Amino acid sequence: MLAAGLVVLLAAGLAAFTYLVLERLGPRAWMPLVARAIAWSAIGLLILNISCPVPGSPERPLVLLDGSLSMGAPGGRWAEARDSARRAGDVRTFGDERGSNDTMPTLGRSLLRPALAAAAASDRPVVVVTDGEIADAPDIPAELLGRASVEVLARQPRPDIALVGLGGPSRVTAGDSIVLDIEARAIAGAAPESLSVEVRSGGKTVASRRLDLSAGAGAKARLAVSSGAVGAGDHVLRVSLAGAGDDEPRTDTRLHLVTVAPTPGVVLLAAPADWDSRFLYRTLRDVAQLPVRGYARIDGDRWRSMSDLSAVGAERVRQAARGADLLILKGDPGPTAQGSNARGIWRWPSGEAGASPIPGDWYLSSVEVSPITGAFLGQPVDSFPPATQLMPVEPRPGDWTALTARLGRRGAARPAVTGRQEGGVRSVTVAADGLWRWAFRGGSSEQSYRTWVASTASWLLGGADSARGLASPIRPVVQQGRPLIFEWTGRGSAVSSPVVWTGPGGPRSDTLRFDGAGRASVRLPPGEYRYRFEGGGGGLVAVEEYSDELIPSPVTLTSRTARVPRPQGRTAARDWLWLFGICVAALSVEWLARRRLGLR
1 MLAAGLVVLL AAGLAAFTYL VLERLGPRAW MPLVARAIAW SAIGLLILNI
51 SCPVPGSPER PLVLLDGSLS MGAPGGRWAE ARDSARRAGD VRTFGDERGS
101 NDTMPTLGRS LLRPALAAAA ASDRPVVVVT DGEIADAPDI PAELLGRASV
151 EVLARQPRPD IALVGLGGPS RVTAGDSIVL DIEARAIAGA APESLSVEVR
201 SGGKTVASRR LDLSAGAGAK ARLAVSSGAV GAGDHVLRVS LAGAGDDEPR
251 TDTRLHLVTV APTPGVVLLA APADWDSRFL YRTLRDVAQL PVRGYARIDG
301 DRWRSMSDLS AVGAERVRQA ARGADLLILK GDPGPTAQGS NARGIWRWPS
351 GEAGASPIPG DWYLSSVEVS PITGAFLGQP VDSFPPATQL MPVEPRPGDW
401 TALTARLGRR GAARPAVTGR QEGGVRSVTV AADGLWRWAF RGGSSEQSYR
451 TWVASTASWL LGGADSARGL ASPIRPVVQQ GRPLIFEWTG RGSAVSSPVV
501 WTGPGGPRSD TLRFDGAGRA SVRLPPGEYR YRFEGGGGGL VAVEEYSDEL
551 IPSPVTLTSR TARVPRPQGR TAARDWLWLF GICVAALSVE WLARRRLGLR
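Each residue of the sequence shown is one higher than the last, beginning at 1 in our numbering.
Source of the hints: derived by calculation from the structure; they are not laboratory data.
Hints may be right or wrong, so weigh each one.
Using C-beta positions, here's what the derived DEER-type ranges look like [as the list claims (entries may be wrong)]:
{"no.": "1", "residue 1": "Ser356", "residue 2": "Pro507", "range": "34 to 40 Å"}
{"no.": "2", "residue 1": "Ser194", "residue 2": "Arg282", "range": "41 to 47 Å"}
{"no.": "3", "residue 1": "Arg210", "residue 2": "Asp234", "range": "55 to 61 Å"}
{"no.": "4", "residue 1": "Asp123", "residue 2": "Val287", "range": "49 to 55 Å"}
{"no.": "5", "residue 1": "Gly313", "residue 2": "Ser553", "range": "51 to 57 Å"}
{"no.": "6", "residue 1": "Ser553", "residue 2": "Ser444", "range": "25 to 31 Å"}
{"no.": "7", "residue 1": "Arg87", "residue 2": "Gly233", "range": "51 to 57 Å"}
{"no.": "8", "residue 1": "Gln156", "residue 2": "Val495", "range": "25 to 31 Å"}
{"no.": "9", "residue 1": "Gly374", "residue 2": "Pro507", "range": "20 to 26 Å"}
Please read all numbers here as calculations on a predicted model, not as lab measurements.
Every residue gets a Cβ at the ideal spot worked out from N, C-alpha and C, and that includes glycine.
Based on the sequences and whatever the hints tell you, model everything.
Structure follows, in structure tokens:
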């Protein structure tokens with residue numbers, strides 16, 4: 001404003017000097033003098049383009065509405081939050097990786113940071129309406145959260161008995177028990193008089209037991225289900241709390257998918273048995289997620305179980321080898337291992353092909369690039385106990401090498417562990433004997449041995465499974481509001497694949513579209529679904545009615561007002577069209593006044 005005043009004073013002074021001093025017109029010049037002062041003032045303001053702050057019209061706020069399932073749980077205030085958000089501005093729902101236009105809260109997570117970062121980039125006022133149970137609140141930068149106003153409508157927890165945990169094997173062998181670990185919790189002072197857990201499969205109860213649960217406490221239990229009561233194949237076990245009698249039935253039932261197979265997932269054939277096979281079998285049982293069976297040939301064609309040394313018929317061993325997902329051959333099991341459809345083969349040759357092992361102290365070293373290199377990162381492999389002998393093996397084109405060996409740490413390095421993938425079958429060959437001493441010694445060598453066994457088994461089982469098709473679910477059972485994620489296991493690069501879902505709503509066609517990492521996600525309502533790919537293969541998946549969002553969690557946000565003031569708007573002289581009009585009008589009036597005075 002001061003600059004504008006100086007411009008007006010200067011323009012008035014120049015106009016007066018022109019008419020009163022230079023042209024000496026006296027009182028007759030008052031009209032052209034005023035007109036010139038006004039015109040020159042306008043021109044000065046336009047040249048300097050003087051600006052000034054203006055309040056302007058405030059932008060409509062961007063409202064982030066919590067659309068997670070917790071908002072619609074008993075005690076939640078979804079209707080109040082939705083109405084408040086609509087009154088406040090333009091509503092955007094947040095919660096997980098996807099947006100939602102549903103009129104009810106359906107998202108399975110409470111993640112605010114991604115949505116808040118996107119909203120802050122719009123430079124509009126941001127308002128967050130939530131129940132305050134935000135999972136990633138500690139990860140939100142203070143300056144980002146400070147840009148938003150937060151309205152917390154906390155829910156009032158109601159008494160509830162919830163089945164918060166369920167775990168068990170994903171695959172068992174026929175005849176084994178399915179052991180389920182169960183965890184129940186009493187919420188908001190719930191105190192059941194009588195509570196039991198039932199396991200149902202195909203509409204029939206296959207197991208049950210009592211639970212002792214006091215008010216505000218939790219209980220863990222283990223329940224064994226006979227695989228014979230379930231039958232062979234894929235099954236969804238429905239574990240339910242009987243007698244809970246609360247307002248939230250969705251937390252009373254959990255689902256677990258298990259496959260009952262006629263043969264174990266991992267089969268080890270040792271012929272003959274030795275220390276390497278014994279330690280390998282024990283480690284596999286600790287680290288593998290599939291049932292493991294080991295059979296050792298004692299003499300002739302007589303086989304014994306490596307778990308209890310009981311006698312096992314050759315035909316039973318042959319059937320186990322043919323149906324295994326991962327077949328491990330230690331030595332030469334003969335025709336027993338023929339005809340296997342395993343997608344992973346782990347060979348430990350002992351000279352059956354004609355070559356003789358070379359005895360000595362073979363010190364091993366890891367190779368930088370291989371699928372199982374991570375098992376040896378940071379470990380002094382060359383200082384571990386040496387192998388006792390090495391089979392001469394010649395890697396073929398396309399093979400990778402994970403470990404090499406040098407005799408007495410001297411001479412040329414020879415391959416000790418190699419692998420390859422041919423078609424849908426993966427194979428690994430271990431040419432070194434005596435690696436059991438890594439596990440026997442303990443310490444870092446034992447941990448490296450266990451990690452190596454786990455990494456090798458995982459890579460071998462990652463081959464294509466013709467029964468499952470070209471993709472398999474990472475988790476076959478997910479909570480409500482969470483996506484089922486499929487991982488590409490077919491040959492070559494991942495391509496979009498048609499799939500048919502058969503579930504509560506009947507069959508429907510869909511397409512799995514894989515990203516650059518070979519993963520595709522699909523969201524389904526709660527229920528059990530069978531899927532089948534166009535090229536063959538399929539399986540069973542399930543979506544629970546349960547969600548962790550239904551369980552009350554700590555309130556991590558509080559109501560607040562945005563701390564960052566919005567920048568005040570400004571307007572410049574050249575934006576004022578009326579100023580141009582005044583300038584033109586004042587010049588016109590001066591010209592007319594000068595003509596009447598006889599001046600040019």
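Checked hints:
The beta-carbon spacing between Ser356 and Pro507, approximately 60 Å, falls outside the hinted interval of 34 to 40 Å. Taken as a hint, the range 41 to 47 Å holds for the pair Ser194 and Arg282, whose Cβ atoms sit roughly 43 Å apart. In this structure the supplied range 55 to 61 Å is violated for Arg210 paired with Asp234, their Cβ-Cβ distance being about 29 Å. About 53 Å separates the C-beta atoms of Asp123 and Val287, a value consistent with the hinted range of 49 to 55 Å.
Restraint check, Gly313 to Ser553: a C-beta distance of roughly 55 Å satisfies the suggested window 51 to 57 Å. At about 39 Å, the CB distance of Ser553 to Ser444 disagrees with the hint of 25 to 31 Å. At about 54 Å, the CB distance of Arg87 to Gly233 agrees with the hint of 51 to 57 Å. As the Cβ distance of Gln156 to Val495 is approximately 50 Å, the hint placing it in 25 to 31 Å is violated.
For the hinted restraint 20 to 26 Å between Gly374 and Pro507, the CB-CB distance of approximately 42 Å leaves it violated.
In summary, the numbered hints that this structure violates are 1, 3, 6, 8 and 9.
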